[in-house]
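Listed below are the residues making up each chain.
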Amino acid sequence: MVKQTIPRYIFLSSLAITVVIFVAGLMLGYNLDGLRSADVISELELNELETESYVVEQLFWDSVEGEGCGNVDIRLSIMSQELAELGNNLIAYEQKSLFADEEYQLLARQYFLQEIRAYVLFNSLHDKCNLSQDVILFFFDPEDSESETQGYVLDKVVSHANNTVVVFSINAYFEDNAIDSMELYYNITELPTLIINGDFKQEKYISYSEIKEVLNATFV
Amino acid sequence: MKWVIWVASFIGLYLGIFWLHIILKKDKIVSKIKHFPTISLVVPAHNEEEGLPKTIHSIANLDYPKNKIQVIIVDHGSKDDTWDVAKRLIKRYKDLNIKLVKKEHESSHTKAHAFNAGLAHATGEFAGCVDADTILLKECLKEIIPEFDSERIGAVISTIKVTKPTNLYEKIQHLEYIFSTFMRTLMSKIETLHVTPGALSLYRKKIFDKHGGFDEENITEDLEMAMRLQSLGYKVRIAVGSITYTKVPNTFKSLWNQRVRWFRGFIYNNVKYKKMFMNKEYGSMGTFQYPVNILTLGTIILLVVMMSYELIRRIISYVERFLIIKWEIIAFEFPSLKEVIFNLDINLVFPIVISFFIAFAIYHLAHKNLKEKWKYPFALALYISVYPLLRSMHWITAIYKESVRAKKKW
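Residue numbers (the working numbering), protein chains in the order written: chain A, 1 to 220; chain B, 1 to 410.
Check each hint, because a few of them may be wrong.
[Claimed, not checked] Reference excerpt, derived from the structure (chain A facing chain B, CB under 7 Å, subset only): (1) Gly29; (2) Arg36; (3) Ala38; (4) Met79.
[To be verified] Here are some, though not all, of the chain A residues that point toward chain B, as calculated from beta-carbon distances under 8 Å: (5) Arg8; (6) Ser14; (7) Leu28; (8) Leu32; (9) Gly34; (10) Asp39; (11) Ser42; (12) Asp155; (13) Val157.
[To be verified] In silico DSS-like links for lysine-lysine, alpha-carbon gap of 25 Å or less: (14) B:Lys25 <-> B:Lys138; (15) B:Lys138 <-> B:Lys66; (16) A:Lys212 <-> B:Lys326; (17) B:Lys25 <-> B:Lys247; (18) B:Lys66 <-> B:Lys94; (19) B:Lys142 <-> B:Lys79; (20) B:Lys326 <-> A:Lys156; (21) B:Lys326 <-> A:Lys204; (22) B:Lys34 <-> B:Lys206.
Just so you know, these hints were derived from the structure itself, not from any lab.
Note that the Cβ used here is the ideal one computed from N, Cα and C, for glycine as well.
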């Protein structure tokens, strides 16, 4: 038999050093996860606060003038854009997360509820303030490539419509009673589905040129 | 997927640290040469009219007693003037014992046929193979012989450097040879070296007498011989001070063919000597080196497959997006520091950073080992970034060809 020529301590000390470096890497990942989720939470809270602030402002104007809209279109448009950005961050952070999968699920739930809250608010003010903006409710499947492509189309629509189109995106597979109720109300059976201005329903993918024809917005 | 990357990184990091540890292991003290045993150097030559004179000239200039060296040139069915060139060399170097052997070349022949034909005429205590495009530095044999300080040492190999690298392929290989010499030095330290390259490797002649010459069915006969030595309980060492210069492939195609052949040989010979796998009887070669070879290969393939899948997926997604939003896709906003930090993907960044530091340390030590200066920065950048991908492609091609038993070409 040929003797072993590698001392055992080399195996063990290499293992120890590797574990130390790896634990350091995992700790780094853990801390970064914490920072990211704290960022999402703070953004969500800010958005909630802004929604709340807007509702209070409306109540105030209602109480003193009977009916007040101010610059509702601009504010709601900004709010929806901030929500979209937050949604993108949430997806990106979740993909990069090492340990915080469950936490991101909770944050995602909060996020979609905030989307619905903003959508409801927008709808309620649409007629009251005679808003000209188009509102799109986008039901998607995060694992579906057609939904992904539809998302790109909607990005393009928003950027070319000069803030006159507002999109609220809802993950149709997310388990939440509010989302379930919306799916039931709009009878969502296929994905992606767009609900445009509350009444026009588009099932399956729709191209940029087709969507332009349906909307009232002026494109640049 | 991220956990696969982490596991692969763990293995890679562990092996990197392991090898860095091996550097600290004390070297065996090798004494200076005390006696000069007889050595037969077999020079297989197939259409080598240009390279042969330089090789023989370098042998003639070795700092070793001429009467102790036998040179056997084997003209392996050359169609050029190799035969006449060899004859003229015999006349020119009269003080050198040169024998010229003719060996017919058949399409199925490998270098092993030529070497074995030469070996039949070898009379030295040691026999070595010298490629006809290799230049041996003066101290070559004097540095090699003292390494045979025990009967367990079956072969000693030399350090190989690239002859005057000029184009990019040669420069990349210059770096690769520095790195592989370093790895061979480390393997030599733990007695798991399992390659005896053709540039210059010296064997105990009695091993050939007892166990036969090179495997003529093998496309990497030198690797087979080294693994055979390991399986017979012999060890292979490297004499770092014994330096040879060799020509390397200088085109993409020739490099591709050579590497696919090497890697096919690696797979073939590892299968051939699978009895060593995790077998304590073969010492560290069986319980460490062999499993590490397999593990490394498996990890490389897994990572390449996964990275290719991810890359293709991203390209498809990018193209789809481009078709929709056209040139807006390249709209770029400079990210804030917070965005940069938050968008760091630790799953990728951590293994890359760690690999970079380990590679840097090994690369630095590899240069130190050969007293080489850092040069060719562009080739180095490619060697670190693109070359591993190319090597992976060599591996995948080799695995495919070996699994479908594609025709072997030497």
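Results for each hint:
A hinted interface residue such as Gly29 of chain A counts as satisfied when its beta carbon comes closer than 7 Å to some beta carbon of chain B; here the least separation is about 4 Å, so the hint holds. At its closest, the beta carbon of Arg36 of chain A sits 5 Å from a beta carbon of chain B; the interface hint therefore holds under the 7 Å criterion. At its closest, the beta carbon of Ala38 of chain A sits 10 Å from a beta carbon of chain B; the interface hint therefore is violated under the 7 Å criterion. Interface restraint check: Met79 of chain A against chain B, minimum CB-CB distance 21 Å, threshold 7 Å, status violated.
Evaluation of the Arg8 of chain A hint against chain B yields a violated restraint, the C-beta minimum of about 11 Å exceeding 8 Å. About 4 Å separates the beta-carbon of Ser14 of chain A from the nearest beta-carbon of chain B, less than 8 Å, and the hint is met. With 8 Å as the threshold, the beta carbon of Leu28 of chain A comes within range of chain B, its nearest partner Cβ sitting at about 6 Å, so the hint holds. Because the smallest distance between the Cβ of Leu32 of chain A and any Cβ of chain B comes to about 6 Å, under 8 Å, the interface hint for this residue holds.
Given hint, Gly34 of chain A at the interface with chain B, is violated; its Cβ is 11 Å from that chain's nearest Cβ, farther than 8 Å. Because the closest C-beta pair between Asp39 of chain A and chain B is about 6 Å apart, less than 8 Å, the hint holds. At about 12 Å, the closest approach between the beta carbon of Ser42 of chain A and any beta carbon in chain B exceeds 8 Å, and the interface hint on this residue is violated. The interface hint given for Asp155 of chain A is met, as the beta carbon of that residue sits about 7 Å from the closest beta carbon of chain B, less than 8 Å.
Evaluation of the Val157 of chain A hint against chain B yields a violated restraint, the C-beta minimum of about 10 Å exceeding 8 Å. With a C-alpha separation of about 29 Å, the suggested pairing of Lys25 of chain B with Lys138 of chain B is violated against the 25 Å cut-off. Proposed proximity of Lys138 of chain B and Lys66 of chain B is supported: the alpha carbons are some 12 Å apart, at most 25 Å. Simply put, Lys212 of chain A and Lys326 of chain B have alpha-carbon atoms about 17 Å apart, close enough for the 25 Å limit, and the pair holds.
A hinted pair counts as satisfied when its Cα atoms are at most 25 Å apart, and Lys25 of chain B with Lys247 of chain B does not qualify at roughly 33 Å. Taking the CA atoms of Lys66 of chain B and Lys94 of chain B, the gap is about 10 Å. The hint holds against a cut of 25 Å. Of the supplied pair hints, the one linking Lys142 of chain B and Lys79 of chain B is violated, its CA atoms being roughly 35 Å apart against a limit of 25 Å. The suggested pairing of Lys326 of chain B with Lys156 of chain A holds, with an alpha-carbon distance near 10 Å, which does not exceed 25 Å.
For the hint pairing Lys326 of chain B with Lys204 of chain A, the CA-to-CA distance comes to about 22 Å; that is within 25 Å, so the pair holds. A C-alpha spacing of about 21 Å is found between Lys34 of chain B and Lys206 of chain B, which places the hinted pair at or below 25 Å, so the restraint holds.
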